[in-house]
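Visitor: Could you build all of it, start to finish, from the sequences and the hints given here?
Number of protein chains: 2
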Amino acid sequence: MFKKILAAQKRLQGQANVTPVMTSRTLNERVGAEVFLKCENFQRVGAFKFRGAFNAISQLNEAEKARGVLSYSSGNHAQAVALAGHLLGVKTTIVMPRDASAIKRAATEGYGATVVEFDPEKMTREDIAAQMSEKADFTVIPPYDHENVVAGQGTAALELLEEVGELDMLLAPCGGGGLLSGTAISAKNKAPNCTVIGIEPELADDATKSFRTGRLHTVHNPPTIADGTRTPYLGKITFKLVREYVDDMQTVSEDAIKEAVRFLFYTMKLVVEPSGGLGIAAMLSGVVKPKGRVGVIISGGNIDGATMRAILASD
Amino acid sequence: MFKKILAAQKRLQGQANVTPVMTSRTLNERVGAEVFLKCENFQRVGAFKFRGAFNAISQLNEAEKARGVLSYSSGNHAQAVALAGHLLGVKTTIVMPRDASAIKRAATEGYGATVVEFDPEKMTREDIAAQMSEKADFTVIPPYDHENVVAGQGTAALELLEEVGELDMLLAPCGGGGLLSGTAISAKNKAPNCTVIGIEPELADDATKSFRTGRLHTVHNPPTIADGTRTPYLGKITFKLVREYVDDMQTVSEDAIKEAVRFLFYTMKLVVEPSGGLGIAAMLSGVVKPKGRVGVIISGGNIDGATMRAILASD
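Protein sequence lines, in the order shown, are assigned to chains A and B. With my numbering, letter number 282 in the first sequence gets 348, and the count goes up by one each step, no holes. With my numbering, letter number 88 in the second sequence gets 154, and the count goes up by one each step, no holes.
Worth flagging that the hints you see were computed from the coordinates, not collected in a lab. Among the hints, erroneous ones may be present.
Since the list can't tell identical chains apart, any single copy or any two copies may satisfy a pair.
Derived SDA-like pairs: lysine to any residue, alpha-carbon spacing no greater than 25 Å straight-line [stated by the list, open to error]:
hint, residue 1, residue 2
1, Lys157, Thr92
2, Lys355, Leu154
3, Lys355, Pro258
4, Lys170, Arg328
5, Lys170, Ala376
6, Lys302, Asp234
7, Lys170, Arg375
8, Lys188, Lys201
9, Lys170, Val97
10, Lys254, Asn287
11, Lys70, Ala172
12, Lys357, Asn83
13, Lys170, Ala379
14, Lys170, Arg91
15, Lys254, Lys357
16, Lys355, Val206
17, Lys188, Phe204
18, Lys355, Glu232
19, Lys76, Lys355
20, Lys254, Glu95
21, Lys76, Asn255
22, Lys157, Glu95
23, Lys70, Ser319
24, Lys355, Gln316
25, Lys69, Glu213
26, Lys157, Val97
Only a predicted model underlies this, so the values are computations on that prediction, with no experimental measurement involved.
Guide: Pasting the structure below:
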C-alpha cells in the first residue's frame, strides 16, 4: 500500500495543495511536547478528502471516465468528488440525503456535480447509489472503503513527515478509517518508531470498539458534533488496515472537541471543523499524553456558522 | 528609514514568527488578480504589533531597560509590549481604560505586565502615561508614533516581498499609520513600481482625509467594528511617512469589513479580526480594483467570540 501512496503523491502534484504545517509555542507549553499540525483545513474544498477523490478518479480508464462517477456523501467527500471530477473532465453525480445542508449542496453543485436527493428514512445512501450505478453504469467512488481513496488520504501524513522529519507520535481523526489507515501506512514506512493513534468522539466509538475487539462494531447516527465521524462503521478494507497499522485508538468527549475548536480559533487563529480538532482534543483533555515530537492531522475546516457560533458561545 | 527596517528584521530573527503567506484560487478568481496574504494573525500575540514593540524595546539602553517601559493600549499593542518586555527581561506597565475587555487585560497580565486602569471619561491615555512616566521614569513605547515601532512593523511587508518577489499592488490597514508607513517604506525600496494603498473604515476615515488634504484630521471614538483602527489620528511621524510613501488611501463600509471576515473564515479558514480584513474588504467590495500580483497585509486575528458570532450571524 505504501507504494500506492507514493504514486498518489505524484498524481496529486500541482492539483492538491501542499498544506502548511503550523506550530504554536502556547500549545507546546500546554501539552509538554513539540506539536506539528498538518493543516488540511487549507486543502482544496477545505478538507483532506480532495486527495483521495482525485487519486481515485484520475486512475479510471477512459471508458469509465466517459461514463462518469457516482458518490454518496452529505459532507466533504461530496465536494471533493465534484471538484476532482471537474478538474479531470469527468461527470459527477452525488447522492445526498434530502436534509443535507443547503450550503454543502450548493458548494457541490458549484463544482459542477449533479445532486440526486434521497429520503434517508426510506433507504440508505449505499442502496440508492448501487441502484443508480447499475442503471447508468457509473463508477462508484466511495468515501473511504477503496484502496485508491486510502492511498490519496495517506499523502497528507507523507507530506508532514517529509517536511518535519521523524515523529514520536501521530494523531489522526477516525470516521470511516480512510484518513487514519492512510496516515498509519505512511507513518510506519517513513517513521517506523512513530506511535499512530486514531481519535474518535466517545459518542461515535465504533472504530475504537472494532479495533479493540477485532469484530466490526456499528454506531448508527451518533449525535456527535464531529459530523465527519458520523460514519456507522469502518469499511472492509479500512478495518483491516486500521487493525494492521494503527497502534491505538482513543475517544474524546463532546466538551473536549468543542474546547479544541475554541483553542484552535482563539490561540492559533485556525478555522477547524469539530472532526478536525479531535487530535488536539485528545491532547488538551489528557486522553493522550503526548511525548517528544507529535504530529496531528487537522482533517478539515468546513464548519457552518451556526455550529461555530454555538461552540464560541458555550465557553 | 529602510535601513532601520533591515536592522529590525535582524533583531526580530528567532523572536518574531516569519508568518506564512496564504493564497486562494477562489479569491484570485473572484477579484481577477493573484493575491498573496501576509498572515500576521499568525504572529506572536496574534498581530503584527509584536514586531514594533520588540524592535523598540530591544534598542533601549541598559539603564532604560532596568527602569522599565510604559505603554497605553487597550488592544494588541498592550500584549505586544508585555510579551516583548517579558522576553527581554524588561518590566512593563500598561495603562488601560477601565472598560477594556477582560480577556485582553488577562492576556496582557499573563505575559507579566502590570496593568494600570484609568477612567477614559476623566482623562486621556496619553495624559496618564505622561504623568506616570514622569513619576517613575519609565520609557514610553507608543503604539505607532515612534521610528523604531514603524521600523518593526515594516518587516512584515519586507518578508512578504522577499518571499513572493515583485508586487504590483500592496494593501495595508491603517489605524495610527505605523503598519501602513512601515509597509510603504519596505515596498518602495524592494519593489519601486508597487502601488501602496492604505485602507480605513469609512467610519474612521481620519487618515484618508489627512492624506488627501495634507492637514491632520481627527475622528474621535469612531464606532467601527474594526477596533484596531479606532485611533483618532495619525501620529506626527506616521503622518509625514504616509504622505511621503503611500500612493493612495481608500475607505470601506462596515458591511464590507464583515463580509471580508466571513470570506476569510469560510473560504480561507482563517480567523482574522475586522481590522485585519480591511484589504480583503476593499477588493471584494470593488473599492480597490486589484491588478496583477497583489499583496495584502492581514494585520491580526484577535477577535473576541461575541464579535465573531455577530459577524457570522449577520450573513
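Visitor: Indicate, hint by hint, whether the structure satisfies it.
Guide: Hint-by-hint comparison with the structure:
When the C-alpha separation of Lys157 and Thr92 is checked against a cutoff of 25 Å, the pair qualifies only between copies, where the shortest distance is 21 Å, while the shortest distance within a copy is 46 Å. With identical chains, the CA atoms of Lys355 and Leu154 are never at most 25 Å apart, being 43 Å at best within one copy and 32 Å at best between copies. For a Cα distance limit of 25 Å, the shortest separation of Lys355 from Pro258 inside one copy, 19 Å, qualifies, whereas the shortest one across copies, 52 Å, does not. Proximity of Lys170 to Arg328 under the C-alpha cut-off of 25 Å is found in both arrangements, the shortest distances being 23 Å within a copy and 16 Å between copies.
Proximity of Lys170 to Ala376 under the C-alpha cut-off of 25 Å is found in both arrangements, the shortest distances being 19 Å within a copy and 22 Å between copies. In this homomeric assembly, Lys302 and Asp234 never come within 25 Å of each other (Cα to Cα): the closest approach is 29 Å inside a single copy and 53 Å across copies. For the identical chains of this complex, Lys170 and Arg375 are neighbours both inside a copy (18 Å) and across copies (20 Å), given an alpha-carbon limit of 25 Å. Taking the shortest alpha-carbon separations for Lys188 and Lys201, only the intra-copy value of 20 Å comes in at or below 25 Å, while the best inter-copy value is 78 Å.
Only between protomers do Lys170 and Val97 lie at most 25 Å apart by alpha-carbon distance; the minimum there is 23 Å, versus 35 Å within a single protomer. In this assembly of identical chains, Lys254 and Asn287 lie within 25 Å of each other by CA distance neither inside one copy nor across copies; the values are 32 Å within and 58 Å between. Proximity of Lys70 to Ala172 under the C-alpha cut-off of 25 Å is found in neither arrangement, the shortest distances being 33 Å within a copy and 50 Å between copies. Proximity of Lys357 and Asn83 under a CA criterion of 25 Å is satisfied inter-copy only: 24 Å between copies versus 29 Å inside one chain copy.
With identical chains, the CA atoms of Lys170 and Ala379 are at most 25 Å apart both within one copy (23 Å) and between copies (18 Å). Proximity of Lys170 to Arg91 under the C-alpha cut-off of 25 Å is restricted to the inter-copy arrangement: shortest distance 19 Å between copies versus 35 Å within a copy. Only within a single protomer do Lys254 and Lys357 lie at most 25 Å apart by alpha-carbon distance; the minimum there is 18 Å, versus 47 Å between protomers. For a Cα distance limit of 25 Å, the shortest separation of Lys355 from Val206 qualifies neither inside one copy, at 40 Å, nor across copies, at 44 Å.
In this homomeric assembly, Lys188 and Phe204 come within 25 Å of each other (Cα to Cα) only inside a single copy, at 23 Å, whereas the closest approach across copies is 74 Å. When the C-alpha separation of Lys355 and Glu232 is checked against a cutoff of 25 Å, the pair qualifies only within one copy, where the shortest distance is 18 Å, while the shortest distance between copies is 46 Å. In this homomeric assembly, Lys76 and Lys355 never come within 25 Å of each other (Cα to Cα): the closest approach is 35 Å inside a single copy and 37 Å across copies. Taking the closest pair of Cα atoms, Lys254 and Glu95 never come within 25 Å of each other, the shortest separation being 27 Å inside a single copy and 40 Å across copies.
Within a single copy, Lys76 and Asn255 get their C-alpha atoms as close as 17 Å, which meets the 25 Å cut-off; across copies the closest is 40 Å, which misses it. For the identical chains of this complex, Lys157 and Glu95 are inter-copy neighbours only, at 23 Å across copies versus 49 Å inside a copy, given an alpha-carbon limit of 25 Å. Proximity of Lys70 and Ser319 under a CA criterion of 25 Å is satisfied in neither setting, with 35 Å inside one chain copy and 51 Å between copies. In this homomeric assembly, Lys355 and Gln316 come within 25 Å of each other (Cα to Cα) only inside a single copy, at 11 Å, whereas the closest approach across copies is 51 Å.
In the homo-oligomer, the alpha carbons of Lys69 and Glu213 lie at most 25 Å apart inside one protomer (12 Å), although the nearest pairing across protomers, at 56 Å, exceeds that limit. Neither within a single protomer nor between protomers do Lys157 and Val97 lie at most 25 Å apart by alpha-carbon distance, with minima of 46 Å and 28 Å respectively.
Hints 2, 6, 10, 11, 16, 19, 20, 23 and 26, counting from the list given before, are not met by this structure.
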